[in-house]
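Enquirer: Residue strings, one per chain:
Protein chains: 2
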Amino acid sequence: GSVSGAYAWEALPTKAPEPADNPTTAEKVALGQMLYHDPRLSSTGTVSCASCHNTMLGGEDNRPNSMGVNAQTGGRSAPTVWNAAFNKVQFWDGRAASLEEQAAGPVANPIEMGMKDWDAVVARLKAIEGYHEAFTKVFGENSISQENVTKAIAAYERTLITPNSPYDKYVNGDKSALTEQQVRGMNKMAELGCTACHSGPAFNGAGTYQKFPVNSNGYFEAQYKFKRDKGRAEVTNNPEDEHMWKVPTLRNIALTAPYFHNGSVSTLEKAVKVMGKLQLDKDLPDEDIEDIVAFLNGLTGQFPKQSMPILPSTPGRLAK
Amino acid sequence: GSVSGAYAWEALPTKAPEPADNPTTAEKVALGQMLYHDPRLSSTGTVSCASCHNTMLGGEDNRPNSMGVNAQTGGRSAPTVWNAAFNKVQFWDGRAASLEEQAAGPVANPIEMGMKDWDAVVARLKAIEGYHEAFTKVFGENSISQENVTKAIAAYERTLITPNSPYDKYVNGDKSALTEQQVRGMNKMAELGCTACHSGPAFNGAGTYQKFPVNSNGYFEAQYKFKRDKGRAEVTNNPEDEHMWKVPTLRNIALTAPYFHNGSVSTLEKAVKVMGKLQLDKDLPDEDIEDIVAFLNGLTGQFPKQSMPILPSTPGRLAK
Ligand code: HEC
Ligand code: HEC
Ligand code: HEC
Ligand code: HEC
Ligand SMILES: [Ca+2]
Ligand SMILES: [Ca+2]
Ligand SMILES: [Ca+2]
Ligand SMILES: [Mg+2]
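Keeping their order, the protein sequence lines are chains H and L.
Terminal number for the first sequence in my numbering: 323, no gaps in between.
Terminal number for the second sequence in my numbering: 323, no gaps in between.
Simulated from the structure, these hints should not be mistaken for lab results.
Cβ atoms here follow ideal geometry from the backbone N, Cα and C, with glycine treated the same way.
Some hints could be false.
Claimed, not checked - Listing some non-contacts, in silico: residues in chain H with all C-beta distances to chain L over 12 Å: (1) Ala74; (2) Glu144; (3) His201; (4) Val238; (5) Leu287; (6) Glu290; (7) Ser310; (8) Thr317.
What the hints assert, rightly or not - Examples of chain L residues toward chain H, derived with CB under 8 Å: (9) Ser54; (10) Asn65; (11) Gly143; (12) Ala260; (13) Pro312.
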């Protein structure tokens with residue numbers, strides 16, 4: 004099959020952009036990987052970033068809503084951390100401007116990691132000897148701080164990239180990388196207008212906000228309750244931002260069911276149907292849905308081999 | 004320093020004994036590593052074996068009692084999984100005869116992983132395509148079953164060995180591997196009679212049961228409530244087994260605070276004091292405690308470098 008139309012399909016870059024004040028280094032990434040996987044960043048010692056954004060799986064938890072300390076749940080579903088480095092803004096409502104800013108949130112969020120505040124996090128890390136050494140290597144002496152914890156985590160997240168999906172191989176010239184059906188689905192994504200919102204190499208609209216649902220539909224609303232959450236307006240209190248959402252990436256979308264900000268839709272087929280109806284006002288025929296889902300399966304990339312971090316131990320006298 | 008007395012100190016073997024019907028192979032270990040780290044073995048999708056026995060840390064959770072699905076807690080503290088392969092029997096009360104038998108317990112335990120039963124676990128794994136392939140490689144076609152899940156996990160656990168601690172190096176001839184103080188502590192362990200119970204290369208008494216506490220002590224009992232749990236008698240209902248416990252390993256003991264079956268003692272210093280008083284009827288002087296704790300710190304071994312498993316993905320249509 005070959006690609007029709009004028010849409011400019013792009014492969015995923017193998018490096019994520021990094022901010023000038025937080026360059027990626029191997030040692031910083033290693034420290035960030037430790038912190039990201041360390042459950043001692045939570046009040047109960049049971050919840051790490053990886054609990055909700057599992058780096059052994061699709062980068063989230065495959066739950067409608069995540070489960071934080073003491074089994075508390077919130078209203079939103081965990082987005083994947085794979086390729087989050089290609090989001091211009093973070094969170095469903097884009098309320099964090101960078102990965103660094105985002106990483107400051109969960110630890111002191113009472114229903115996520117439940118630490119009292121960042122002082123408590125820093126105190127806990129300072130009590131772990133091995134972290135002194137690791138931070139010293141990366142940021143200099145006495146450098147355990149909120150700023151450096153979030154910098155290290157963000158640097159690690161910038162390495163969580165999944166290139167070389169069948170789609171990327173296809174775009175890079177290997178025409179056998181996608182099946183006929185997948186190429187049909189790819190063309191339909193452009194023709195129908197999915198790529199008007201899900202544009203760019205990460206299919207995440209390059210940081211734009213879009214309304215969801217664009218069209219009201221009582222049947223879907225009764226089932227999925229999409230309008231309960233006002234999206235961006237919850238942070239800005241601006242009525243114009245009601246039900247405005249960051250366009251989410253479609254990379255590895257086959258691995259990250261259930262779908263949408265509230266995780267209300269359990270399969271990719273249904274998610275595509277919902278998008279067709281609510282965003283494009285179209286009742287997509289089953290054949291289109293199947294072709295598009297086949298294509299979306301071609302967005303599953305290669306997961307980098309990672310080594311399991313060995314976390315610096317809790318000194319006996321401080322554990323509780 | 005040099006070692007006095009007749010006690011035969013032994014280094015940790017670098018291979019654990021394996022049962023005839025479950026030989027360790029690289030592919031089985033890889034599968035076991037996946038299953039061990041897979042939170043989909045729990046009802047909520049949030050709890051894996053590694054949640055309570057963290058392989059990035061000391062092999063447990065540094066909590067007095069563990070936290071299972073829906074934040075439920077039980078009365079006992081999670082023992083380390085590092086070197087559990089050298090236990091003759093498993094659990095504080097020794098109620099499982101092998102790692103295979105032990106691994107069958109947590110998944111359907113309502114306060115641990117909370118699955119309805121093993122049929123539910125097997126059904127869930129069967130729905131994950133990647134597991135079909137992995138099981139086929141190891142056990143042949145259509146081989147996803149309770150028996151094979153627990154065999155694979157046990158085979159993986161047999162690789163969780165931490166040799167080459169300073170103690171092992173010392174015993175193997177490197178006299179500079181332990182400090183003078185550590186050697187003093189080592190001698191005191193034998194002289195006082197700690198090694199009468201904590202014998203063998205894993206300091207776990209080669210599968211013997213011992214009473215704890217041997218001596219009654221109102222002061223410690225008021226603080227630590229050791230007698231609330233009847234130990235082995237809870238399973239056997241035999242009055243002779245009241246407060247009988249498997250002798251736990253002292254390997255990596257510096258990493259696994261808090262201590263004892265109920266995790267009631269927060270530091271190693273206090274744990275040694277408790278042992279002296281309750282098991283040996285001795286008020287150990289601070290100096291002895293410090294020497295012994297220094298020695299016990301020399302039992303922290305080398306943790307094998309592991310790769311992070313990439314778990315087979317949840318197919319979109321089955322996630323909930
Ligand atoms: C208890 C569950 C939980 C924990 C723990 C957690 N997260 Fe999240 N994470 C979420 C949820 C839910 C969202 C979406 C919230 C929203 O958009 O309002 C999210 C959003 C994100 C995003 C934005 C992704 C995107 O596409 O917008 C990133 C990045 C992220 N988390 C990284 C982390 C890091 C780093 C940590 C640890 C410091 C962490 N998370 C801990 C549940 C969790
Ligand atoms: C007008 C903008 C727009 C159009 C057109 C659009 N989308 Fe979306 N899409 C969004 C937004 C915004 C969301 C996030 C909605 C939410 O969860 O609140 C989203 C979510 C999704 C999701 C779920 C993502 C996740 O991680 O849960 C999928 C899948 C998806 N879109 C596919 C498509 C397909 C296929 C089409 C075309 C048939 C399409 N979209 C058309 C804006 C759009
Ligand atoms: C919710 C916490 C939790 C989960 C999940 C859990 N365990 Fe445990 N584990 C414990 C506790 C607590 C004990 C001690 C119970 C007892 O002795 O009565 C234990 C005991 C053990 C032991 C015995 C070690 C010894 O020295 O006696 C092994 C081995 C073990 N678990 C392995 C596993 C494996 C494998 C899994 C997953 C299939 C698992 N555990 C899941 C908490 C947990
Ligand atoms: C009579 C047998 C016996 C003697 C003597 C003995 N122990 Fe123990 N030890 C045990 C048993 C049994 C336990 C487990 C008790 C429990 O938690 O229920 C234990 C537990 C421990 C623990 C805590 C292990 C953990 O993982 O929580 C430490 C540390 C320890 N012993 C060190 C020592 C030292 C040091 C000495 C000598 C001063 C000593 N023991 C003497 C039988 C003994
Ligand atoms: Ca999802
Ligand atoms: Ca414990
Ligand atoms: Ca312990
Ligand atoms: Mg989710």
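Enquirer: Each of the hints needs a verdict: does it hold here or not?
Expert: Comparing the hints with the structure gives:
The Cβ of H/Ala74 does not lie farther than 12 Å from every Cβ of chain L; its closest approach is about 4 Å, which violates its non-interface assignment. With a closest Cβ-Cβ approach of about 25 Å to chain L, H/Glu144 is found to remain outside the 12 Å limit, as its non-interface label requires. With a least beta-carbon separation of about 17 Å from chain L, H/His201 lies farther than 12 Å from that chain, consistent with its non-interface assignment. At roughly 27 Å, the least C-beta separation between H/Val238 and chain L is larger than 12 Å, which holds for a residue marked as non-interface.
Taking the minimum C-beta to C-beta distance to chain L, about 17 Å, the non-interface status of H/Leu287 holds against the 12 Å cut. Residue placement check: H/Glu290 keeps its beta carbon more than 12 Å from all beta carbons of chain L (closest about 18 Å). Non-interface status of H/Ser310 relative to chain L is broken: a Cβ of that chain comes within 12 Å, the nearest being about 6 Å off. Some Cβ of chain L comes within 12 Å of the Cβ of H/Thr317; the nearest lies about 5 Å off, and the non-interface call is violated.
Interface hint at L/Ser54: satisfied, since its Cβ lies 7 Å from the closest Cβ of chain H, which is below the 8 Å cut-off. Here the hint on L/Asn65 is kept, as its CB sits about 5 Å from the closest CB of chain H, short of 8 Å. The interface hint given for L/Gly143 is violated, since its Cβ lies 25 Å from the closest Cβ of chain H, which is over the 8 Å cut-off. At its closest, the beta carbon of L/Ala260 sits 4 Å from a beta carbon of chain H; the interface hint therefore holds under the 8 Å criterion.
Below 8 Å, beta-carbon pairs count as interface contacts, and L/Pro312 has one with chain H at about 5 Å; its hint therefore holds.
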